[in-house]
Amino acid sequence: MSPAPRGPMKMPKPSEDAKAAFARVVPDEPAVTLRPMFGQMSAFVNGNMFCGIYGEELVLRLPPAEIEAVKKQGGRDFEPVAGHKMGGYVVVPGNWRVKAPVALIKRALEVTRTMPAKVAKKKAAAARKG
Numbered sequence: 007m008s009p010a011p012r013g014p015m016k017m018p019k020p021s022e023d024a025k026a027a028f029a030r031v032v033p034d035e036p037a038v039t040l041r042p043m044f045g046q047m048s049a050f051v052n053g054n055m056f057c058g059i060y061g062e063e064l065v066l067r068l069p070p071a072e073i074e075a076v077k078k079q080g081g082r083d084f085e086p087v088a089g090h091k092m093g094g095y096v097v098v099p100g101n102w103r104v105k106a107p108v109a110l111i112k113r114a115l116e117v118t119r120t121m122p123a124k125v126a127k128k129k130a131a132a133a134r135k136g
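Residues 7 to 136 in the numbering used here are what the sequence shown lists, from first letter to last.
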């Protein structure tokens with residue numbers, strides 16, 4: 007018996023307010039880039055994502071012990087698809103737009119900065135017509 011067919015994955019769309027607030031809380035430094043990812047906004051350092059928004063929520067990359075500390079304050083594992091945890095990321099509790107977790111965002115940047123830089127993937131050459 008084959009699995010039940012799945013419809014398209016529904017991703018929450020961030021509001022313009024959430025996008026603007028996110029741009030304000032991301033550290034302003036030359037190594038940091040903002041770019042869209044799967045309809046969301048994300049911040050990268052050396053090609054690695056350190057924080058982003060998923061719909062209206064703020065998501066951060068942190069070490070396991072620090073993720074657990076955030077979860078004890080009301081945060082939760084980041085699951086872009088129910089039941090599929092994205093390891094290394096946590097959803098920040100509360101209204102991050104009213105009270106930005108600046109220290110946590112800076113920590114996410116610090117941690118991610120130590121990771122090896124990602125090299126941009128080369129795009130496949132166009133197929134030759136023969």
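Rather than coming from a laboratory, the hints here were simulated on the basis of the structure. Worth double-checking, as some hints may not be accurate.
Calculated cross-link-like contacts (lysine-lysine; reagent style PhoX-like; alpha-carbon spacing at most 25 Å) [to be verified]:
#	residue 1	residue 2
1	Lys19	Lys128
2	Lys77	Lys112
3	Lys128	Lys91
4	Lys91	Lys19
5	Lys25	Lys77
6	Lys124	Lys78
7	Lys77	Lys105
8	Lys105	Lys128
9	Lys105	Lys78
10	Lys91	Lys124
11	Lys124	Lys105
12	Lys128	Lys25
13	Lys91	Lys25
14	Lys25	Lys112
15	Lys91	Lys78
16	Lys16	Lys105
17	Lys124	Lys112
Hint check results:
no., hint, verdict
1, Lys19 / Lys128, "violated, 29 Å"
2, Lys77 / Lys112, "holds, 18 Å"
3, Lys128 / Lys91, "violated, 29 Å"
4, Lys91 / Lys19, "holds, 19 Å"
5, Lys25 / Lys77, "holds, 24 Å"
6, Lys124 / Lys78, "violated, 32 Å"
7, Lys77 / Lys105, "holds, 17 Å"
8, Lys105 / Lys128, "violated, 40 Å"
9, Lys105 / Lys78, "holds, 18 Å"
10, Lys91 / Lys124, "holds, 22 Å"
11, Lys124 / Lys105, "violated, 31 Å"
12, Lys128 / Lys25, "violated, 29 Å"
13, Lys91 / Lys25, "holds, 23 Å"
14, Lys25 / Lys112, "holds, 18 Å"
15, Lys91 / Lys78, "holds, 17 Å"
16, Lys16 / Lys105, "violated, 28 Å"
17, Lys124 / Lys112, "holds, 20 Å"
Checked against the numbered hints above, the structure violates hints 1, 3, 6, 8, 11, 12, 16; every other hint is satisfied.
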